[in-house]
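In order, the protein sequences belong to chains A and B.
Counting in my numbering, the first sequence runs from 1 upward without gaps.
Counting in my numbering, the second sequence runs from 316 upward without gaps.
Some hints here could point you the wrong way.
Unchecked claim - Covered stretches of chain A, as calculated for chain B (at least 3 residues, CB under 8 Å):
#1 89-97
#2 105-119
#3 274-281
Stated by the list, open to error - Below, a sample of chain B positions facing chain A; criterion: calculated Cβ distance under 7 Å:
#4 T439
#5 M443
#6 M444
#7 L457
#8 L460
#9 L571
#10 T735
What the hints contain is simulated information worked out from the structure, not anything from laboratory work.
Quick reminder that beta carbons are idealized off the backbone N, C-alpha and C, glycines included.
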Amino acid sequence: MTAYIAKRLIAMVPVLFGLSIIVFMVMALIPGDTATAILGAYATPENVERINRDLGLDKPLVQQYFIWIGNVLHGDFGRSFTLNRPVLAEVMDRFGATLILAGTALVLCSLIGLLAGIVSAVRQFGWADRIITFVVLAGISMPSFWLGLLLILVFAVTWRVLPASGMYAVYGGGDLPDLLYHLILPAATLSVVAAGVIARLTRSAMLEVLRQDFIRTARAKGVSETRVIYAHAFRAAIVSVIPVIGIQAGFVLGGAVYIETVFQWPGIGAMMVKAISTRDILLVQGGVLVVAASYVLFNLMADVVQTMLDPRIRT
Amino acid sequence: MSLALQDNVTAPAGPQRISTFKLLLQSRLASIGLVILLLLVAIVLLAPLLPLVHPDQTAPANRLIRPFVTAAHWLGTDQLGRDLLSRLVWGSRVSIAVGFAATLVAALIGSVIGLVSGYAGGRTDNLMMRGIDMLMAFPYILLALAIVAALGPGLMNALYAIAIVNIPFFARNVRGVTLGLAHREFVDAARLSGKGHLSILWSEVLPNVAPVIVITMSTTAGWMILETAGLSFLGLGAQPPQADLGSMLGEGRAQLFTAPHVAIVPGLMIFVIVISLNLLGDGVRDALDPGLKSGALSRPGPVTRIDRTKPAPPNSQPEAILSIEQLETGFSNGNSTTPAVRGVSLHLDRGECLGLIGESGSGKSVTALSIMGLVASPPGVITGGAIYLDGEDVLSMPETRLISLRGSKVAYIFQDPLTTLHPTYTIGQQVAEAIAAHQSLGRRELRERAIALLEQVRIPDAAARADHYPHQLSGGQRQRVGIAMALANDPDVIIADEPTTALDVTVQAEILSLLKQLQTERRMALLFITHDFGVVAQICDRVAVMKDGEIVETGQTRTVLTRPHHPYTKRLIACVPEIGDGDRFLPRVEKLMASQTKEAAQ
């Protein structure tokens, strides 16, 4: 197992390398003079010269990349000119909030999705299945930012039971219960689409597995139906659902951009949206790189979990 | 996904297209999606002709009118007094156009990449797919954000960003199918006839890949509309005065507390567009590729459905441990039932070994599975007869009682031990579970009993082997595990459904002698199902011959073997090759097969 994880960690290196090239290329493809584009209204001759020097823009592209990645590896993502502080510091401050939100949403969507998928498969063609199938379809067709606004209207404006925005209360908050209280709406909104996708997949995986020979064997042994469904069918179905949960981590991390904007959650997504409109390219670059790298890590974790659950891949 | 898609690509495109469309219309949900979508498209196309006020015409005096209040502004007005209905129609026009355009761009570029990659194979394929993998290593929306950040906010840039992000889906699906086609005979033939690569891709490969492209388009179009709306919502797509549904929603957000309808209405519109697209997309996928049909597989219930129209026949063999009376089992397909077992009567005395022999499809396995209600249902259904186990009719028992007798009174051994054992539990756990299903024992004791059972079926080094998974064992050992599970609760009856068919001949002999020995030692009744008279001769006391769902002959093994009555029995016996038979085997069997055709003609 340790050898496997080590192998996977090593396999991550070229992926991260590729990611960094894409991020670098996207920024290098900015039309026109990069320094001016980055600085926008702040393009004074001194600033242009400083950016050109900082990014090595006077050198060939390949060399530019290596200078940039060298700096990144040393933790130097450059300086955000709008915030006038190092990009890495800002990104790390924000990333914690995003991880809390996305992590909660991921746990939530996995639990709801798996459960709904199982119920849907077990009650196939029954009313529970029909309702779940419809809710899932509605969930994955709904703009999450719109759902967020609806939930704010219902829970924060009409019923006044949950806060509409922020991570902590402005006065007197700051502890864990306060955080959870503020987390409910955004995490729930963020988990809807992913929960739908997971539910759909779990349902079809369960139906597939329930037709397998080993299920008949379990029944022939006299195992109770509950055990057949959870200990046998679900145990085999989860193996194929885990990688999808890994992929959903990406949708949740990406979807956080909308949710953080709607709920004014102080995360990396909201930061990037602001950075894009102020053309703070280095900040966007840093944010994208960190989130993408964490997604790669999420997928690695999903693979490891899958391997632990399926002895056939393990050996 | 790509693997499953390959199966239907050989279907001829011409006549299939008509039936596909019909198939699509047969799905009620897909039809609803299609109708809503056509309606919306018609409205937005006709927008210039509709009696709507100009969407950008401001009227500060009429700000934030609620919907359904005035006839002039049926859906109300926004913060600048612009008519919401008009803006909704024009905004939908932009959103739908951009979404479809993004879909087309992604489909075009992605398909080209997939075609080239799959057709060229080798290094080109490897390189291109690694590039696609890189794109997919990004969280979905994040890459779009990065692209918009580079190109600058704007509707066209949002379109490009969303299209690029979706290219991998097309590239991967198309590549998968192309890869399977690239070395098919008709492609080779085209190549040998001197056609160029481009012409082959265009005229031979593309038509076969088209369904996959359509499926991918129909399943991603909804996403693309959603995501472009999202970028506009964030202020990175459509820039004022241009407006799509996303930017309308984004602007309306400022009035959320005072006039929520300004934000709610465009969001609802996005929802309706996307849900109709998704309904249609699911329908298209199901119609073009039945293999992927979501949840088309029906789930087998715990017990076979019993639907007896006639009263249960009485038990004619009260002494027997198991007595099957006029059993009728069939498979229902909608309104009719295809019979598989037609009035089979059998009995099994205590400690006896009965062979049930017949060719594949003769109904012997269905008979065996019917005994404890293990025929997968749907579609299986028991339509008549009775099964007396120790004098009690199994088919009249409550479900829980039947389940409690499985494994304790009647145990099964199945054919292919690789698929019949659970892949993710160790064999020790699986044997222990068989015990635990009927006896409450502690963890340690369960394990000890399981190991003891594994020893009894002569698995060497059982204590260590108990921690192995089925895939780590040989076929013969796996079947020994199957036997151990069957023995776990000292059942009265063991039903072995072709337990040696999937094994090598030498292993087969070992398993047979093990089974026979255990059966005699423990005085269990054994119902042995096979298509091989050689096996029957080795271990069975009596034999029943089954053909087309009926028992055609039954008797002592020796009698049946030496003086078979039914011609079918004669043929089955003749099919066992004898040592020294050599060249004479085929002419001998041929003669008997000729008599079969004569029989059928009469």
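So, going through the hints one by one against the coordinates:
Coverage of a stretch by a chain is defined here by at least three residues with a beta carbon nearer than 8 Å to that chain's beta carbons; for the segment 89-97 of chain A and chain B the count is 0, and the condition is violated. Residue count for the segment 105-119 of chain A with a Cβ under 8 Å from a Cβ of chain B: 0. That is fewer than the three needed, and the coverage hint is violated. Counting residues of the segment 274-281 of chain A whose CB lies closer than 8 Å to any CB of chain B gives 5, which reaches the minimum of 3, so the coverage claim holds. For B:T439, the suggested interface contact is broken, since its CB lies about 17 Å from the closest CB of chain A, more than 7 Å.
Violation of the interface hint for B:M443 is found here, the shortest Cβ-Cβ separation to chain A being roughly 13 Å, above the 7 Å cut-off. Violation of the interface hint for B:M444 is found here, the shortest Cβ-Cβ separation to chain A being roughly 12 Å, above the 7 Å cut-off. Taking 7 Å as the C-beta cut-off, the interface hint given for B:L457 holds, the closest approach to chain A being about 5 Å. Nearest Cβ of chain A to the Cβ of B:L460: about 6 Å, under the 7 Å cut. The hint holds.
For B:L571, the interface hint holds, the least distance from its beta-carbon to any beta-carbon of chain A being 6 Å, beneath 7 Å. Among the interface hints, the one on B:T735 holds; its C-beta lies about 4 Å from the nearest C-beta in chain A, closer than the 7 Å criterion.
In this structure, the hints that do not hold are numbers 1, 2, 4, 5 and 6, in rising order.
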